[in-house]
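Chemist: What follows is the residue order along each chain.
2 protein chains.
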Amino acid sequence: MKTFLYPDIKDWKNLLQRPTYDISSLTEKVKNILNDVKQNGDFALKKYTQQFDGIELNNFLVTKKEIEEAEALLSTELKQAIQTAANNILTFHQKQITNVEVVETMPGICCWRKSIGIEKVGLYIPGGTAPLFSTVLMLGIPAKIANCKEIILCSPSNKNKKLHPAILFAAHLVGITKIYKVGGVQAIAAMAYGTETIEAVYKIFGPGNQYVTCAKQLIQQNGIAIDMPAGPSEVCVIADETANAKFVASDLLSQAEHGADSQVLLISTNADLVNEVNNEINIQLEKISRKKIAIQALEGSKAIVVQNINEAINLANEYAPEHLIIACDNADTIAEKIINAGSVFIGNYSPESVGDYASGTNHTLPTNGFAKMYSGVSVDSFVKKITYQKLTQQGLHEIATTVELMAEAEGLDAHKNAVAIRINN
Amino acid sequence: MKTFLYPDIKDWKNLLQRPTYDISSLTEKVKNILNDVKQNGDFALKKYTQQFDGIELNNFLVTKKEIEEAEALLSTELKQAIQTAANNILTFHQKQITNVEVVETMPGICCWRKSIGIEKVGLYIPGGTAPLFSTVLMLGIPAKIANCKEIILCSPSNKNKKLHPAILFAAHLVGITKIYKVGGVQAIAAMAYGTETIEAVYKIFGPGNQYVTCAKQLIQQNGIAIDMPAGPSEVCVIADETANAKFVASDLLSQAEHGADSQVLLISTNADLVNEVNNEINIQLEKISRKKIAIQALEGSKAIVVQNINEAINLANEYAPEHLIIACDNADTIAEKIINAGSVFIGNYSPESVGDYASGTNHTLPTNGFAKMYSGVSVDSFVKKITYQKLTQQGLHEIATTVELMAEAEGLDAHKNAVAIRINN
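So the protein lines, in turn, are chains A and B.
FYI, the numbering used here numbers position 413 of the first sequence as 413, with every residue one higher than the one before it.
FYI, the numbering used here numbers position 348 of the second sequence as 348, with every residue one higher than the one before it.
Simulated from the structure, these hints should not be mistaken for lab results.
Values in this document were obtained by computation on a predicted structure and should not be read as measured data.
Take these hints with a grain of salt, some might be off.
Unchecked claim - Here are the simulated lysine to aspartate or glutamate pairs, EDC-like style, with alpha carbons at most 20 Å apart:
#, chain 1, residue 1, chain 2, residue 2
1, A, Lys95, B, Asp22
2, B, Lys79, A, Glu408
3, A, Lys31, B, Glu28
4, A, Lys114, B, Asp332
Stated by the list, open to error - Now the stretches of chain B that chain A is said to cover, found in silico as 3 or more residues with beta-carbon under 8 Å:
#, region
5, 94–106
6, 383–396
Claimed, not checked - To be clear about the criterion: a stretch of chain A counts as covered by chain B if any three or more of its residues have a C-beta under 8 Å from a C-beta of chain B, and this derived list gives those stretches:
#, region
7, 39–52
8, 282–289
9, 340–353
10, 395–403
C-beta: ideal position from N, C-alpha, C; glycine also.
Modelling step: build the complete structure from the supplied sequences, incorporating the hints.
Modeler: What follows is the structure, encoded as structure tokens:
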């Protein structure tokens, strides 16, 4: 981790620059796969599953038997842990349901909004180095709370034509019944356009590699919604002189182990602490199996020492991290001043990993500075809100002149007439 | 308007097909303008304003004097109307503010969400055939409620280098102080990338022609958020035998006059009513100044007669209209069954034009079937929701085993370690 001492505010932008990934070179390749699946359905899915994953599959749907078998393959302890996490995620997300509130804006003019679950949604769970069953909970639980009618899940199978048992257990637990063994661009294509076995959905959620990210961008241009734009995962820790260097080092490492492109940023008011954290990182690195990945990530990471806590807050807000840990004496006060972040972890006993799994908050969060304008996934992500208005005859009288004058000024006679014809009736 | 009698459900998809616009032919041209403004700032803005609008501007910022002059140019009645509309929009949208609610998911584990206004937003108000000052209210009021710190507005000036006084009055009324006379792709570019005079924003809102739509799509791929994907405006009316043919005709016309590409759909359980409505349209057409535009729109429009009201509801849900008017005896019951629509107008005294201007609901709504997965603009569109968690030492103990087991199963040692190191401390 490179250390920067008291950088000038004019250098912040450069200092906070994230690596940019140009996915335009992938676009043609991804487009071709999308179009092939759109036109040739299951046939193309099978072809790409063989080509990219080296697996010959005749049936993508996970059977009931497979789900039952998966449950038997997991320890009671892990199943209990997944259940506990699911309970907390459910408890937190259930509070996001909004009730209908009728607002009478003028006598006889009632307006309201109602949240309605998006009918058909697709969840993508990548394969790769870690079986992300926690993401199944993070996407599946709010989808269920939102009352989405059709929830499908796609994930690439392993060489034995199976999905990881924890993925199946988590999906079963949240009530997802349609699980397909298909991954990559071809999975995104199948959910976007539909095939003989996989039904098209209206919105696609979930993480993925650069090909999947590119595919999600492209299908968005075809009118299918996606959860949010993606980028490598990241953490920012604000630490003052009261922070525990061991704890801070463990948090930075838990981000660094995600991937070689993970972004780790330490902002501190205390140069000694930064040194201590660096030492602790070297000690703790020895104990983790993904050491190589973590070292690569740390090479691209930065520690910044600032003059005072306000500068730290401003710097964090400018960076807009996906995860922000506040390891400071007055963490609560600092949290109040944060305006750009995905999820905030307050104090010494709130490591990022609790939010990644089980505190209750969602772990699908805006990366790459998108926290400046995007929220993480929540029940909101799985609903659309329809507005309604009902006017009585009196209500229409109240507002008639207003509408007529405005329509006239905008040059829209027929708009005016729709009111006038009712008033004059 | 072409009439279709009792179509078979298998023909619905074709029947409800919207015209598709291929904007890929515009992409290169739009990209070049975006890049030019990105690189050359105000110089490029001036160039394109001259080239496309035929106006030579040295200063894009609307002055205080111009705003004062605008106020004097409007009638007291229109100003009062705009004020009334603004009041209703404010009343309705203010209820969309969500309070922080702390959820204790387990003893010592507190989680919550907080809505924070997106710091910098840009509103685009097109020029063209109608001065859309109502859109200034519809975007500016929720932006102010959301507490966005920087709200800028771009709109192309007329040949006299002025903006329409009603646009300036509405902007001033809602408290927007930075108004720039620039339109089209170059305005979107300026707000996305910033120039010497116009500051870059994080999210861009507002309607526009196909070039503007294309520009918004492209800048979205560069990480700037947009309100929603766009398409031509549309209305669907569900009318039973109790509907008033005059009212229905006036509603269809008020949509048809928007533009030649406006979509108008009448669904009725009663063939006689459809005939009556068609007759009424011909009568009312004579009274409107935008008759030509309306006729063009009606040529592409459809009336569909269905077997019963449930079929009408299903058809409307399949179409997912931007605006849905329910002109039926039991309009309330029908409204309950609507799952895909932007905004719903219930009963005989709720014409679309009240929602377009003044009932209080927002008129920036999902078109083109996007109501299946997108909501209209609301205060939600101008905020992001940050999640927070704070664990006590006891709280961390409660959840430690859960997180450790899950992290281990996902193969993420450092995640596990971030908990263990705190527990063992």
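Chemist: Return the numbers of the hints above that this structure violates; sort them in rising order.
Modeler: Hints 1 and 7 are the ones this structure does not satisfy, whereas the remaining hints hold.
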